[in-house]
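Asks: Residue-level listing of the chains:
There are 4 protein chains.
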Amino acid sequence: MRTGVWLVGARGSVATTSIVGGLALRAGLAGPTGCVTELPQLRGPALPAFADLVFGGHDLATTPLCKRAEALADAGVIPWRLVAALRDELGVVEQELRPAPVGDTQADRAEAVVRDLTSFRERHELDRVVVVNVSATEPAPRPHPAHADPAALRAALDGPDEVLPVSSLYAYAAVLASCPYVDFTPSTGLRLPALAALAEEARLPYAGHDGKTGETLVKSVLAPMFAMRNLAVGSWSGVNLLGGGDGATLADPAANAAKVQSKQRVLGETLGYVPQGGTRIEYVEELGDFKTAWDLITFSGFLGTGMRMEFTWHGCDSALAAPLVLDLARLTAAAHAAGQVGPLADLGFFFKDPLGAPTHSLGEQWARLTAFARHLHDGGDGDHDNVG
Amino acid sequence: MRTGVWLVGARGSVATTSIVGGLALRAGLAGPTGCVTELPQLRGPALPAFADLVFGGHDLATTPLCKRAEALADAGVIPWRLVAALRDELGVVEQELRPAPVGDTQADRAEAVVRDLTSFRERHELDRVVVVNVSATEPAPRPHPAHADPAALRAALDGPDEVLPVSSLYAYAAVLASCPYVDFTPSTGLRLPALAALAEEARLPYAGHDGKTGETLVKSVLAPMFAMRNLAVGSWSGVNLLGGGDGATLADPAANAAKVQSKQRVLGETLGYVPQGGTRIEYVEELGDFKTAWDLITFSGFLGTGMRMEFTWHGCDSALAAPLVLDLARLTAAAHAAGQVGPLADLGFFFKDPLGAPTHSLGEQWARLTAFARHLHDGGDGDHDNVG
Amino acid sequence: MRTGVWLVGARGSVATTSIVGGLALRAGLAGPTGCVTELPQLRGPALPAFADLVFGGHDLATTPLCKRAEALADAGVIPWRLVAALRDELGVVEQELRPAPVGDTQADRAEAVVRDLTSFRERHELDRVVVVNVSATEPAPRPHPAHADPAALRAALDGPDEVLPVSSLYAYAAVLASCPYVDFTPSTGLRLPALAALAEEARLPYAGHDGKTGETLVKSVLAPMFAMRNLAVGSWSGVNLLGGGDGATLADPAANAAKVQSKQRVLGETLGYVPQGGTRIEYVEELGDFKTAWDLITFSGFLGTGMRMEFTWHGCDSALAAPLVLDLARLTAAAHAAGQVGPLADLGFFFKDPLGAPTHSLGEQWARLTAFARHLHDGGDGDHDNVG
Amino acid sequence: MRTGVWLVGARGSVATTSIVGGLALRAGLAGPTGCVTELPQLRGPALPAFADLVFGGHDLATTPLCKRAEALADAGVIPWRLVAALRDELGVVEQELRPAPVGDTQADRAEAVVRDLTSFRERHELDRVVVVNVSATEPAPRPHPAHADPAALRAALDGPDEVLPVSSLYAYAAVLASCPYVDFTPSTGLRLPALAALAEEARLPYAGHDGKTGETLVKSVLAPMFAMRNLAVGSWSGVNLLGGGDGATLADPAANAAKVQSKQRVLGETLGYVPQGGTRIEYVEELGDFKTAWDLITFSGFLGTGMRMEFTWHGCDSALAAPLVLDLARLTAAAHAAGQVGPLADLGFFFKDPLGAPTHSLGEQWARLTAFARHLHDGGDGDHDNVG
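Chains as they are written, first to last, in my numbering: chain A, 107 to 494; chain B, 107 to 494; chain C, 107 to 494; chain D, 107 to 494.
The hints are simulated quantities; they were obtained by calculation from the structure and are not laboratory data.
A hint or two may mislead.
A few chain B residues that face chain A, going by a derived Cβ cut-off under 8 Å, partial list only [to be verified]:
no. : residue
1   : 139
2   : 172
3   : 304
4   : 323
5   : 338
6   : 415
7   : 428
8   : 468
Sample of chain B residues lacking proximity to chain A, with all beta carbon distances greater than 12 Å (derived) [unchecked claim]:
no. : residue
9   : 157
10  : 193
11  : 218
12  : 230
13  : 234
14  : 242
15  : 251
16  : 303
17  : 355
18  : 366
19  : 367
20  : 395
21  : 421
22  : 447
C-beta: ideal position from N, C-alpha, C; glycine also.
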């Protein structure tokens with residue numbers, strides 16, 4: 107099952123790490139640490155092999171992929187030996203990267219993306235192409251009436267307005283090109299009624315959104331712990347210090363707000379009440395591709411005794427996100443092959459703000475994910491109950 | 107369903123907090139924070155009400171219960187207003203506390219305990235008495251051939267030797283008196299083949315062992331998180347600083363070893379491999395009834411990128427343990443009423459080193475616990491599959 | 107040497123703790139933990155004894171002092187036994203507390219304050235009264251031309267405008283009443299050219315500003331450590347989570363900005379460069395009178411090796427500030443008695459943003475402070491070199 | 107002033123980093139981050155320039171220096187670009203490294219070392235050679251009567267016994283060869299009465315011992331902070347997790363004990379009392395050349411209010427120690443040139459357990475160090491008061 111992985115933001119840190127890792131796995135130069143789909147509970151015949159993945163993508167930037175990989179090696183994200191060993195393979199992927207589409211209207215630009223996707227699929231004789239958005243986080247978009255309705259949307263895109271945020275324009279193009287779609291960022295992507303309706307019409311599955319890679323991952327096991335023990339969380343305050351491209355983007359207050367909201371949701375929904383405190387994101391260039399999060403949780407136990415917990419998470423977002431990008435491409439491809447349509451709520455395990463998912467608890471998300479994988483491997487088709 | 111809760115170590119911090127809390131709940135002076143059995147997923151008709159719990163117990167010490175409660179209030183474990191409001195009720199419980207049993211042989215002393223238990227049950231017209239061991243941690247006992255066989259054990263107890271460690275002598279007496287038994291400590295308790303066989307004969311359920319209240323609780327959600335994400339944990343090192351009675355006991359190297367072993371088990375069994383590092387317990391009197399644990403976890407992600415997490419847990423063991431003692435008394439009583447026999451593997455949620463339990467993951471333990479409770483509330487009898 | 111301690115904000119947490127502590131020390135009910143002036147290097151005959159301190163003050167609020175002390179005991183800041191033992195003495199101090207002054211103009215209100223101060227001094231036959239501002243942090247004031255010149259200021263105060271922020275109006279009144287003045291907050295207080303000139307004219311010493319009690323105290327020893335070791339600090343980021351009255355005030359962005367600026371100054375001036383990162387103050391009501399600060403410092407050593415340090419400070423600001431308030435009252439009284447005039451740069455040890463002080467390093471500030479105390483005890487007069 | 111730096115343990119991590127760094131500084135390829143002697147307060151004409159340092163040494167191991175440097179680059183301690191640029195220079199130093207000395211008696215082996223030192227000094231026309239012990243920590247040695255007296259020592263060394271621990275044999279040889287000596291480890295080195303007497307006779311200065319590079323460095327500023335603020339430290343507990351060669355050595359309980367004792371001394375001597383708690387050293391191979399220390403400090407303030415502080419230090423010992431090795435070589439050479447004799451108490455700034463030093467406070471040590479350097483630069487001779 108030859109599968110294309112089309113990365114929107116293909117020269118970014120997450121995408122570059124995904125590509126280097128995918129190539130290294132194919133060449134047997136690295137193991138699948140961090141790849142959930144290689145765990146015994148998920149592995150199986152329905153998923154495309156790493157060797158069957160073919161990479162391509164769009165990016166505004168033009169730095170050669172090899173340079174990006176070298177920069178990541180310098181920053182300690184990727185081992186130098188892999189960059190050295192995979193120069194030729196990276197050069198091959200470089201040929202599949204496209205600049206941002208041009209055109210007078212958003213409809214024109216969407217058409218250009220569709221042509222890129224179609225050509226990629228045909229040239230490589232791919233069974234399907236999964237489009238994955240790993241580009242920089244956008245500010246929350248301005249509402250537009252055309253967001254609600256497919257016909258109105260099509261009409262509006264022919265006009266002069268920037269009707270859709272960029273992430274959604276790519277999602278729209280993915281749907282037009284019959285590609286399943288994954289949103290790994292907090293941007294809008296496919297989350298507009300008009301786009302969801304179009305994906306449904308096109309019988310496409312999609313997943314999202316906002317990859318759960320650090321502080322929120324930890325929250326999604328600690329918050330259920332407090333809930334299962336009936337301990338009363340009084341406050342939960344966090345700060346995220348991060349450098350790197352994403353940090354600079356998130357220094358923009360509008361993008362920050364989108365991300366922070368996504369991060370706190372897990373608490374209210376898991377605990378059943380919202381503790382005091384909030385989450386901050388601060389840009390500290392010095393931290394490079396690594397991120398340090400610190401959280402303080404105060405809680406009370408029996409008869410009101412006050413207690414507290416702190417944690418510090420020092421992680422590399424790219425190294426945590428990249429294997430999940432490969433996992434999501436494999437799982438979404440398999441869901442598409444099995445005829446599944448609409449939001450893949452069973453993939454909530456991967457996301458801070460899971461589409462249509464009823465739970466933020468990592469344990470419960472894991473139970474759903476493993477059931478989903480078993481269903482696929484058993485030849486499961488669209489009948490699997492995918493509703494939250 | 108009137109239920110006795112007989113506490114071995116009845117004047118210790120955990121027992122005193124359990125008693126004050128149980129009385130406060132009965133009087134409507136406190137809410138059930140920390141009581142798992144009051145969560146919607148567990149609550150139901152099969153459990154005895156808090157108002158139906160009657161407290162008694164044994165202790166070597168003779169400090170009046172009221173004094174112990176005052177000391178805990180001074181230490182910030184219990185609110186002063188509860189101690190003041192419950193003086194009379196504590197005086198009533200005081201009447202039900204017995205000194206350590208006397209007798210020439212261990213058999214004599216076991217008989218004395220049986221008489222105490224039987225008299226307690228009869229005087230209060232209780233449907234059953236659950237014996238809960240919350241006494242100080244013992245060193246690992248010396249092996250004895252009589253541990254393996256009921257008949258040999260009975261014979262040996264009539265002789266001059268200290269055949270059983272004290273915790274096991276109480277467990278033996280509980281079985282003789284037809285009382286279900288819970289071991290909340292890492293001591294031997296009922297975990298000897300001869301005692302297990304006797305409990306089986308007497309058609310009694312039992313649960314244990316070693317209440318999971320702090321660092322290990324956190325481990326039991328974090329270790330599955332790393333496992334579910336296929337992240338490779340390279341080292342997991344921890345230190346526990348604690349004052350209070352338990353701390354002084356654990357300063358004894360033999361007891362320390364028992365506890366530490368119990369604390370590390372969760373890692374190997376959850377991750378499938380044992381990371382480097384160990385856990386230390388240090389006694390720091392100054393910390394009083396509170397405990398501070400610090401853990402450092404180093405792990406690697408995709409392509410080997412090194413990352414790390416730290417957490418500090420600052421908890422009050424008594425305030426965390428006491429509501430679980432009430433939960434265990436209620437659940438074990440209900441299991442007994444339903445005719446269940448043998449180790450209650452479904453109660454693994456509560457323990458560091460769960461009897462017969464196949465998993466250390468808190469999420470999976472929770473799933474089993476809630477299924478168990480549903481079964482009880484549905485009128486479940488002994489047919490429920492209780493095997494790991 | 108009978109000395110009045112007049113607290114602006116006399117019913118606040120810091121003031122109440124200072125009063126309870128001062129009375130407890132006088133009565134021999136508590137030791138001088140946290141009182142710097144009781145260390146061997148500072149103790150001596152020039153300082154008024156604790157028994158010679160008489161308390162009074164102003165406050166907008168009207169909650170009785172005893173109630174405030176009870177609330178602090180409930181919050182764990184003050185032991186209940188002291189509140190119980192000192193009820194009568196607190197009642198006596200209550201008689202010396204005055205509401206905010208009234209009057210049509212700021213000049214009128216200043217006169218009212220002067221009358222309160224003078225009456226207090228005369229009724230108690232005090233040698234002098236030290237005015238200490240411990241009221242809530244103000245936002246940065248609007249500039250006014252009269253701030254620069256005593257004559258202009260006097261004229262403007264007779265008009266209808268709010269020429270001075272409240273903290274400065276009290277400082278002005280203190281000067282008019284010939285009282286030495288200490289500013290323990292980041293508010294403006296005496297830091298206006300017109301007021302400094304008036305204090306000089308009146309031959310008064312004064313000290314400030316912004317008591318160094320928590321995160322900044324730690325910074326003032328850690329930053330010199332990095333500097334003395336020639337380690338390059340790349341980033342220093344901090345977050346302060348605090349409840350209590352001060353927290354709520356600081357949630358106001360304008361006050362927050364003033365405080366944060368004061369907190370970061372120590373880094374630039376000690377290191378010789380400003381590392382990346384900033385300090386945040388967040389209000390978390392749940393934390394009550396305690397404050398948790400977390401700082402992350404990244405630094406590089408020889409040949410650029412990256413390293414890091416984190417610290418968490420969990421302190422009670424009132425318990426840290428109150429003994430320093432007593433210290434400052436004693437030292438400023440002694441400086442006044444010795445004829446010292448103008449800003450007391452040798453008291454920089456106590457402040458986040460020390461007046462006229464050349465160093466933020468706690469070690470160097472300590473050297474100056476101990477020299478200053480020796481000079482006073484040796485009968486030092488105004489000749490001591492008080493310049494930075 | 108051409109100065110030899112003779113490293114005992116010359117192929118270890120600290121020595122290799124010192125050599126690479128010294129060569130890099132000479133070649134202008136790196137700046138002096140971490141070198142205290144390049145700070146404005148210490149820099150000056152009395153110190154040999156980096157370009158005047160010539161490296162040599164002994165080691166039991168035989169791994170080529172270049173391989174060791176490569177391993178350190180792999181571990182993130184040294185930048186690869188420096189190893190690549192300095193291959194030739196490292197080859198030159200390689201020629202100056204000698205294996206462990208051989209001989210039938212300890213006297214023979216000492217003579218062999220003396221020959222190596224003398225030959226090194228003569229071949230390179232060095233003004234002097236400073237011997238610096240940076241070899242692995244030894245267990246505490248067995249006492250021997252000959253340790254007390256030079257004549258008895260000389261006699262005993264001719265016999266068959268291992269009279270001196272290895273570190274002291276090198277110190278003895280250094281003295282015989284008229285070389286000033288620095289002990290950077292907790293081993294015995296020159297700290298035996300017989301050796302001190304011989305150094306005095308030979309008119310040699312020496313310094314030690316146990317470089318202060320991590321947790322203890324932080325303690326030496328935090329403990330004075332608590333002392334200066336008259337805060338009562340109730341407990342101070344620490345754990346050091348470390349990999350690398352030193353970690354494995356310290357896993358040996360005897361060596362561990364020596365190091366731990368050295369680490370805790372700062373508390374008792376700075377605070378004037380010994381708080382509860384201790385320090386642990388644990389070997390965690392996974393941590394490689396980096397070390398993580400965590401400390402918990404509980405303290406009380408005014409009226410007994412309980413507070414706490416935690417810190418985590420994540421440092422690379424080699425990167426912290428190596429520049430100090432260069433500093434010590436320069437300062438000790440200058441002291442020798444100025445005719446100073448005996449223990450250099452003014453160098454206490456560099457050590458966990460400073461020889462003859464009256465203070466463990468980093469601030470006070472800094473004041474002494476800068477005065478010492480000024481004295482040297484002013485042409486200071488042996489008259490400088492070097493007593494604690």
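Asks: List in ascending order the numbers of the hints, as given earlier, that are violated by the structure.
Replies: Of the numbered hints given earlier, those the structure breaks are 2, 3, 20, 21, listed in rising order.
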